[in-house]
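Asks: Let the sequences and hints guide you as you build the complete structure.
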Amino acid sequence: MKDGGDIRGTERQVLLDGASPPARESGMIEARDVCLDLFTPDGQLRILDDITLSVRPGEYVGVVGPSGSGKTMFLNMVAGIEQRSSGSLTVLGQEPKAGTKEVGYAMARDGLLPWRTAAENVALSLEARGVPKAERRERALDALDRVGLRKFAGAYRSQLSQGMRQRVALARTLVANPQLLLLDEPFAALDAHTRILMQEQLCQLLEPYEGTMFLVTHDIPEAILLCDRVLVFSRRPATVKTEFHIDLPRPRSALHLRSTAEFQGWQARIWEELAEEVLDQ
Amino acid sequence: MSTMGPGEANGVGPTVIADTDAPPTADPGTSRGAVPAPRLRKQRGGPVAVWTVRIAFLVIVVGLWQLLAAQGTINPAFSGEPSSIWSSFVGLFESPTLGSDVWTTMEETLAGFAISVVLGVLVAYWMVRLPFLERTFTPLATAANAVPRIALMPVFIIWFGLGPASKIFNVVSFVFFLVLLNSLSAFEQVQSDRDLLLLARTLGFTEQQRMWKFVLPGAVPVLFATMELALIYSFTGAVIGEMLGGYNGLGVTIETDANALNTNGYFAVVLLVVIITLLLVQILRFIRRRLLRWSHFETRDSQTI
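Residue numbers (numbering that gives the first Met the number 0), protein chains in the order written: chain A, 0 to 280; chain B, 0 to 304.
Errors might be hidden in some of the hints.
No more than 20 Å apart at the CA atoms, straight line, and that leaves these computed lysine to aspartate or glutamate pairs for EDC-like [claimed, not checked]:
#1 K100/A - E133/B
#2 K240/A - E271/A
#3 K96/A - E206/B
#4 K96/A - D194/B
Simulated coverage check for chain B against chain A, where a stretch passes if three residues somewhere in it have a Cβ under 8 Å from a Cβ of chain A [what the hints assert, rightly or not]:
#5 45-59
#6 147-158
#7 203-210
Derived by calculation from the structure, the hints in this document are not laboratory data.
None of the values given here were measured: they were computed from a predicted structure.
We treat Cβ as the ideally placed atom computed from N, Cα and C, and that holds for glycine.
Replies: Structure, rendered in structure tokens:
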């Protein structure tokens, strides 16, 4: 279960209509010695130092690391909106490029357009892909249904709670049915209880998803719950410090897992690694 | 703006979904499950109180004016007298030239307003699209906006004659830079939201799509506020232009009355100008409300909290 390309068995289905099969011939993300230097008034600052990692098709991989370790920077590179300083990085076998159809990026902030209703916001993902209007609406409503917000299709951003906004943003990412799902602290803005509920919901949503997920978070339980593999980034300049293969059986449920000794064992082991980086700054 | 499902949110009123994680099925009473915003604090003074104080204030000011003029404390020949102003105002509508005066001024105002808004927004759009243009011309636009345009009106009359053309040019010189500079800062404000830019890029929108789907709709509230200001300035620009020299129009009437020391007639025309301006602004606000339902929710949202 640890190393196979097909991690969660063969019964998985397509999450939303119109999925193309994942590219299995190469890794979804291949990073080799990726470095990032920023130029500050005090001189050059190394953020990422020789990041080498690989994400296989169908795999769910999470990155945890201390604040300011450049996790999000790395994710932005994968999304093609940040340039690396050196090293090689391919996404779906190609140089990362912003706006790639097969990649869906859910950022930490919901980024909903206040002048659009929830359904119109979700449909935004499809507009760039030239999907006809009627189909856009159909698929947007379907995606809202999946995050439990069908009834709020006509609501504006200001009428939705923060948790709902986050779910709409998630629906906007999922509606285009990307092969590679990039998530940056998807629930960081939420209160603790809502966050657990959202994580549970995302876990259920991802169960039938055939694509690959790459998650950046500071929330260890979230990473354990959702991922097959968790990478710990060191503090700046960040490298991949440790790698954990989470062999908890699927389907997983946060509400059940959290109290199990196994889950807490994972949490303790990852935190032990992370604590050195967080506390020793 | 895309208008997918325009009817869906109709009749909802300013609502805020208060409960963070209640499933939408929890309140089947409303079609969309939205619950009305709780009244956090009772607002002091409803519309009745507002209107009572507003009217009382006007009555006091006008009454005081009337009283002082009637007593001879102020000279009605110079200050006018509300009762006489009112009869002059009513008399205006019997004047055979009123229609053509109003029409001329409106024509100049609306033509100048339309030209300024279209040109101003268009130029601002291209300045935002092409940063070189923006860097080059923003200081020039600011400088041009600082020129005292009233002082140039005689030149405009020499160039374009005493007819409406010189007034329209005057209005454009008043209003174009105002629209340009305000639109520019509105666009820049929307563009400064880095998350929205990144979202547009990761979703794969082209530069032009980004402008149309992200920047322009976001700037619409400020554009409307600018248009309201522009409308008032357009009217002022047209009237001032006429006062400085013209064949007919409300400004010409004002100038004639002032020269003849017909103070009551003068104030009557000024009152008419105010009423027409308010009517135009109301039309603009009506359009704004229809177009910007979302903005209405946003402001209500922040007001209730």
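Asks: Holds or violated: K100/A with E133/B, Cα cutoff 20 Å?
Replies: Not satisfied, since the Cα-Cα distance of roughly 33 Å exceeds 20 Å.
Asks: At least three residues with a C-beta closer than 8 Å to a C-beta of chain A: is that true for the stretch 203-210 of chain B?
Replies: holds (count 3)
Asks: Would the pair K240/A and E271/A pass a check requiring their Cα atoms to be no farther apart than 20 Å?
Replies: 12 Å, holds
Asks: Decide if the proposed pair is consistent with the structure: K96/A and D194/B, CA atoms, cutoff 20 Å inclusive.
Replies: 17 Å, holds
Asks: Within the assertion that chain A covers the stretch 45-59 of chain B, do at least three residues meet a Cβ-to-Cβ distance smaller than 8 Å?
Replies: That given contact is violated, which follows from only 0 residues of the stretch 45-59 of chain B lying within Cβ reach (below 8 Å) of chain A.
Asks: Using C-beta distances, would you say chain A covers the stretch 147-158 of chain B, given that this needs three or more residues below 8 Å?
Replies: violated (count 0)
Asks: Take a quick look at whether K96/A and E206/B sit within 20 Å of each other, Cα to Cα.
Replies: It holds: about 15 Å lies between the C-alpha atoms, which stays within 20 Å.
Checked against the numbered hints above, the structure violates hints 1, 5 and 6; every other hint is satisfied.
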